[in-house]
Amino acid sequence: MKPILKMSALTKVYNGSKILDSLEFELNPGQVTGLLGRNGSGKTTLMKLAVGLILADHGDIELMGECSTDISSDVKQRLGFVPQEAIGFESFTIEQLFKFVGKSYKNWDDAYATELCRLFELPWPKKVGRLSGGQKQLVAIILALAHRPDCLILDEPVSALDPVNRREFLSQIIDLAVDHRSTVLFSTHITSDIERIASHVNFLSRGKIELSGELEMLKDLIYRAPLDLDYPDDVECLFEKRGYQILKGEKAALLPGAQRMNLDDLFVAINSNGD
Amino acid sequence: MTLNPSSEVPLFRQLVEQIKGLIDQGHLKPGDSLPSVRTLAKSLDVNPMTISKSISLLTDEGWLTYRRGQPSRVALTLPQNSGEGWLTPALKEVVIRAKQLNTPKEKVAELLEQVWQEEL
Numbered sequence: 001m002k003p004i005l006k007m008s009a010l011t012k013v014y015n016g017s018k019i020l021d022s023l024e025f026e027l028n029p030g031q032v033t034g035l036l037g038r039n040g041s042g043k044t045t046l047m048k049l050a051v052g053l054i055l056a057d058h059g060d061i062e063l064m065g066e067c068s069t070d071i072s073s074d075v076k077q078r079l080g081f082v083p084q085e086a087i088g089f090e091s092f093t094i095e096q097l098f099k100f101v102g103k104s105y106k107n108w109d110d111a112y113a114t115e116l117c118r119l120f121e122l123p124w125p126k127k128v129g130r131l132s133g134g135q136k137q138l139v140a141i142i143l144a145l146a147h148r149p150d151c152l153i154l155d156e157p158v159s160a161l162d163p164v165n166r167r168e169f170l171s172q173i174i175d176l177a178v179d180h181r182s183t184v185l186f187s188t189h190i191t192s193d194i195e196r197i198a199s200h201v202n203f204l205s206r207g208k209i210e211l212s213g214e215l216e217m218l219k220d221l222i223y224r225a226p227l228d229l230d231y232p233d234d235v236e237c238l239f240e241k242r243g244y245q246i247l248k249g250e251k252a253a254l255l256p257g258a259q260r261m262n263l264d265d266l267f268v269a270i271n272s273n274g275d
Numbered sequence: 001m002t003l004n005p006s007s008e009v010p011l012f013r014q015l016v017e018q019i020k021g022l023i024d025q026g027h028l029k030p031g032d033s034l035p036s037v038r039t040l041a042k043s044l045d046v047n048p049m050t051i052s053k054s055i056s057l058l059t060d061e062g063w064l065t066y067r068r069g070q071p072s073r074v075a076l077t078l079p080q081n082s083g084e085g086w087l088t089p090a091l092k093e094v095v096i097r098a099k100q101l102n103t104p105k106e107k108v109a110e111l112l113e114q115v116w117q118e119e120l
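Protein chains in written order, with the working numbering: chain L, 1 to 275; chain H, 1 to 120.
Do not rely on the hints blindly, as some may be mistaken.
Taking lysine-lysine and the DSS-like style, the derived pairs with C-alpha atoms no more than 30 Å apart in a straight line are [to be verified]:
{"no.": "1", "chain 1": "L", "residue 1": "LYS248", "chain 2": "H", "residue 2": "LYS99"}
{"no.": "2", "chain 1": "L", "residue 1": "LYS208", "chain 2": "L", "residue 2": "LYS18"}
{"no.": "3", "chain 1": "L", "residue 1": "LYS2", "chain 2": "L", "residue 2": "LYS48"}
{"no.": "4", "chain 1": "L", "residue 1": "LYS6", "chain 2": "H", "residue 2": "LYS42"}
Coverage of chain H stretches by chain L, computed from C-beta distances (three or more under 8 Å per stretch; other residues unrestricted) [what the hints assert, rightly or not]:
{"no.": "5", "region": "6 to 18"}
{"no.": "6", "region": "93 to 107"}
Since the hints were made in silico from the structure, they are not lab data.
Cβ atoms here follow ideal geometry from the backbone N, Cα and C, with glycine treated the same way.
Sequences and hints are given; from them, build the entire structure.
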C-alpha cells in the first residue's frame, strides 16, 4: 500500500534554527493519526509543508502520490485542511461561505454541511465575523469535512471547542474513517482525544519524530521503570531520563517497579530533559 | 459500556474485560451475536482498529466465535475459567505486584485468606 503522505529527510529552517531536522514521516491509508508535540515543536510547520502551503529547505514530500509543492486539482478535491489560524471571510454569512466554498468541490455535500451546522448548533444566517472563536473553528471544520476528503489534515481543531462539540467532532471523524476510509492527521494537546479515536500516534520533538506507532500497542508495551533495573533481552530500552527509563516489551510488565503509562505520561517523559 | 481513554490500560484491553463481564453476568448469552465493528466503533466513538483488536483477542481466547461474513457470536462453550473470568484481571494485578515486590506465592495466599476473613 502506497502511503498517503510521505516525508523524507525533511528540513525546515526558521531564523537560523532547524524547526524540522531531517524528519521522516509516513501516513498510511485509513490511519487516524494523532500528532503530539510541545508548543513550538513544529507541528504546524509539518502540516503546512504537507499540504504545500510553505516550502521545505530540504527533503521530499509526497501527498497522495504527488509532490506537495505542485498538487493537481484532482488531489486538492480529495484533500481537507483545517488551519490553526482564522479562516477569514468575516463579512460572509455561514450560508454564503458554504455556497462559495462548495462551488469549488465536485463532491461537496450541501445536506451534510447543513446537518453538521445543526449538530454543532451554528447560527446559519450569522456573519462569520460575528461568531465566537469556537464557532469559527467549527465553520473551518465543516468546510474541510463537507466534501468527505480522502485525506484530512487538522491543526489543533478542537482547541476552542466546548466538550459537547469536541465529542461530536470526534464522532464525525470516526464516521469519516469508518464509512469513507479516510486518512486523518490531527494535532492536539488533549491526549485523551487521541487515545479515543486515533489508530496511530507520532511524537514530534527536537525536529524529529521521536516515537511513532500503533497507539494501543505502544500503550500496551511501554513501561516506566527505575533506572538501575536489569531487564531481559526481549525488553528494549527506548530512552533513559533522569531517574527512570522507558522500556518496551511484553515482559516489562513483570519487572519490579514497572508502571504502565497513559499518553500524557509518555508525552511528558519524551519531552523532559533527561540528558 | 464505559471506556476511559486516558487510563493507563489500553482501550482494547478495557473493552475485552467489559465484554467478558457482560458474558459472565449473563447479559450476553452463548450464541448471541455482537454488533459489527463499524457499529461498535461508531457507538463508542473509538477507532475501529481498537474494536477489531478486542474482538480478535476474545476470539483467540475462545470467548467469541467468528465465521467469515457473519457477525461475531458469543461461543457456545465458554473458556474453562468463564464465570470467574472477571476476577482474572484483578488477580493478575495482584500477582504482578507480588512479583515486583518479590513476595512468595505462599505469602500472597496467606494475605488472601486474611482479607477473605476480614470481608466476611
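Hint by hint, here is what the structure shows:
no.: 1; hint: L:LYS248 with H:LYS99; verdict: holds, 19 Å
no.: 2; hint: L:LYS208 with L:LYS18; verdict: holds, 10 Å
no.: 3; hint: L:LYS2 with L:LYS48; verdict: holds, 21 Å
no.: 4; hint: L:LYS6 with H:LYS42; verdict: holds, 29 Å
no.: 5; hint: 6 to 18; verdict: holds (count 8)
no.: 6; hint: 93 to 107; verdict: holds (count 5)
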